[in-house]
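Number of protein chains: 2
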Amino acid sequence: MSLPTQPYKGARDFYPEDKRIQKYMFAKLRQVVESFGYQEYDAPLLEPFDIYAAKSGDELVNEQLYSFEDKGGRKVAIRPEMTPTVSRMVAARRQELAYPLRLYSIPNLWRYERPQHGRLREHWQLNVDLFGIEGLEGDAEIIQVADSILKAFGATPQMYEIRINSRNLLEKRVKAAGVKTSVGEAIRFVDKFEKLSKDEFRFKLGEVVEKPDELYGFLTEDGDSEETKNLKILLEKSGVTNVRSVYSLARGFDYYSDIVFEVFDTSPANNRSMFGGGRYDGLVGLFGAEPVPTVGFGMGDVTLQNFLVTHRLLPDLPAETDLVAILIGDVYAGAQAALANLRENGVNVAVDASDRKLDSKIKHAVKSGTRYALFIGETELSAGRFKLRDLTKGQEDELSAKEIINKFTKHP
Amino acid sequence: MSLPTQPYKGARDFYPEDKRIQKYMFAKLRQVVESFGYQEYDAPLLEPFDIYAAKSGDELVNEQLYSFEDKGGRKVAIRPEMTPTVSRMVAARRQELAYPLRLYSIPNLWRYERPQHGRLREHWQLNVDLFGIEGLEGDAEIIQVADSILKAFGATPQMYEIRINSRNLLEKRVKAAGVKTSVGEAIRFVDKFEKLSKDEFRFKLGEVVEKPDELYGFLTEDGDSEETKNLKILLEKSGVTNVRSVYSLARGFDYYSDIVFEVFDTSPANNRSMFGGGRYDGLVGLFGAEPVPTVGFGMGDVTLQNFLVTHRLLPDLPAETDLVAILIGDVYAGAQAALANLRENGVNVAVDASDRKLDSKIKHAVKSGTRYALFIGETELSAGRFKLRDLTKGQEDELSAKEIINKFTKHP
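The listed protein sequences derive, respectively, from chains A and B.
Add 29 to the 1-based position in the first sequence for the working numbering, that's all there is to it.
Add 29 to the 1-based position in the second sequence for the working numbering, that's all there is to it.
Chain A on its own, in the form it takes in the complex (with noise of 0.2 Å):
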């Protein structure tokens, strides 16, 4: 009996062509996220499970957590998202750590849920946090980041909205109307204002609060608070245009204190909260250190990559393997030099030893994908010349190594 070959449900193998589709979206998230002074973390998959059922919400403990015991007893759980373990690194590094503090991360993190369109089990989530700033020009950067990672990728204002809101005064207007249960689910309720008809809407918020009317009438407000106004002033003053006010933008983690924020695609096709963050200073405090005020988001690698392909905004991305190296004749030994000069200046070169005919060699080349083939033969090595041959066009040229070096090497 054999094994099966699929990957886990909800996760992904990444061959080649989809790898490559990651690395080009991480490099140009890190390029982003460094270029505003973010430096990169990094920490272990598992964590304790104590802090998730700490603020994370109930919804992903109980139901969305890969969570066990180790061969030792602990009760661990692989990470589901990112926001405890940065906060557990910084607070135990609380004092050393110069503040504005700024991190970010591309971690895996996994989900136990139903697969579905934008939602893996498994997936890589950039993470951008700012600790040390408590007033608005922190929350303005932190948007201000996640709409340059927009721009850099070439999508335009027009393909995705920024909404805000402050939790704080949402908090208020829930409580003013009479929370029934707890404010946190009431709050999360809120948060489906824009999932639900306007009907169901209604009327299950009667089961959250006492005056559903009142809360209702607030939540259709298109208005700004004075807060959500001067961040919109902050983000006009750099460049971030696209903004509105949304009264009942919750987010879903208990954690968050102050501003929260959602960036949605504004495409018919996908039409959806593609990621957010926010304004969360109590959670540093968790682990015993002083709180710090903290702000930050996260954005996950499948929806970014549906943004993309939707907006046809994914370059041609060539493989990483420049051109195959055929050998002809018996040079194995003879064309190491020539190979070891390719490739130490920067040539990405697969080398077919083998003695199988030219013409299979060839096809083969073909297949693999690769784009070039240089042909080195007894000949080619005493000339100090070689031919590469395009193999998508067939064309073929007459080169010496360091035309082919310069031909290949990579710009920054």
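Don't take each hint at face value.
To be verified - Cut-off 25 Å, straight-line C-alpha distance, at most; resulting in silico cross-link-like pairs (DSS-like, lysine-lysine):
hint	chain 1	residue 1	chain 2	residue 2
1	B	261	B	201
2	A	431	B	57
3	B	436	A	57
4	B	100	A	38
5	B	416	A	104
6	B	180	A	439
7	A	266	B	416
8	A	258	A	233
9	B	52	A	52
10	A	431	A	57
11	A	104	B	431
12	A	52	A	436
13	A	416	A	436
14	B	439	A	431
15	B	104	B	38
16	B	392	B	422
17	A	180	A	201
18	B	48	A	57
19	B	57	A	48
20	B	266	A	390
21	A	100	B	100
22	A	57	B	52
23	B	431	A	266
24	A	416	A	439
25	A	233	A	221
26	B	431	A	57
Worth flagging that the hints you see were computed from the coordinates, not collected in a lab.
Place chain B on chain A using the hints.
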């Protein structure tokens, strides 16, 4: 009660200064293996438990595997090694893929074991695999790649030794000595030849084979088999010279089918196997596909870093952030164009837009470890020239934006 701030036992937090080292190592690994025509792949962290049960070896499966049941009742494992995964992926597309197929990955791997020098529960491991070459030139290429990696980090052949063996030959000799329990167990014991004392080894050898003296005699020979002799010739042609044949070398995994190799750190401080690999022709076949000749190796980040540190091969790595831009006065809006210009041209700029005093801002910039501070006020913006202070040397220059960009351009 507050949550603990330590990372999970046997795993590491990577603060930016730690992550930089890993990024440096991984970038060089990618550069070298891609220069040999290898392309990156990736796969899910979780795999079905069964793919390890099949061939990885008992110790790993019974004692070291992080395995559990998911919420749907599937028995899964966090991958402890990448070889079964890449074999699964090749099997899934056995017919479509072009051979020779060159693949690499740097997966995150987990093993439950007592953390010790050079061995942690979580590590990353470069995996390089070559599919479709039956002959020794495949084994030679893989060893050449491993050797080129160490040289690319600046290692000299005196710092390490490459040990090779034919597991085929070893198996024949073990069988000829009369196996008492199983061939696998006997071979795993033989692998301890260099770790145990002579007396202990000879004594215990009698527990696994009928004729221990005969086998012991063979193991102490310092000769070459036909195969290792030919492999050495190929390696010498490609400039790999520090190679030694070791008859007792076996490698832990059950799936190796012929040539195995290990790279030893020769420094007295480490003096042990750093990493290795070999031929495992049978693994793809376990997934119901036609078997394919395969040779590969894995190189862990922990041992690699130890090697680089011991031999003083780690360079000083600058922080990702080039400078802190200190805003003076009310220039938040006015400074945005200048900042965007720097960032889009590859300068990594953290902004201090706080209303702290100038002295305090400078102090924080110094504490953050960023090398330079750039002062931006009304005067600077209208003149188009900015003071750039080297915070290490205290030296200050007045530069245009273009001059700043030139100064910080990263050359590849």
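Right, here's what the structure says about each hint:
| no. | hint | verdict |
| --- | --- | --- |
| 1 | 261/B <-> 201/B | holds (21 Å) |
| 2 | 431/A <-> 57/B | holds (23 Å) |
| 3 | 436/B <-> 57/A | holds (22 Å) |
| 4 | 100/B <-> 38/A | holds (12 Å) |
| 5 | 416/B <-> 104/A | violated (54 Å) |
| 6 | 180/B <-> 439/A | holds (22 Å) |
| 7 | 266/A <-> 416/B | holds (23 Å) |
| 8 | 258/A <-> 233/A | violated (30 Å) |
| 9 | 52/B <-> 52/A | holds (14 Å) |
| 10 | 431/A <-> 57/A | violated (30 Å) |
| 11 | 104/A <-> 431/B | violated (55 Å) |
| 12 | 52/A <-> 436/A | holds (23 Å) |
| 13 | 416/A <-> 436/A | holds (13 Å) |
| 14 | 439/B <-> 431/A | holds (23 Å) |
| 15 | 104/B <-> 38/B | holds (24 Å) |
| 16 | 392/B <-> 422/B | holds (14 Å) |
| 17 | 180/A <-> 201/A | violated (35 Å) |
| 18 | 48/B <-> 57/A | holds (18 Å) |
| 19 | 57/B <-> 48/A | holds (18 Å) |
| 20 | 266/B <-> 390/A | holds (22 Å) |
| 21 | 100/A <-> 100/B | holds (19 Å) |
| 22 | 57/A <-> 52/B | holds (15 Å) |
| 23 | 431/B <-> 266/A | holds (23 Å) |
| 24 | 416/A <-> 439/A | holds (21 Å) |
| 25 | 233/A <-> 221/A | holds (11 Å) |
| 26 | 431/B <-> 57/A | holds (23 Å) |
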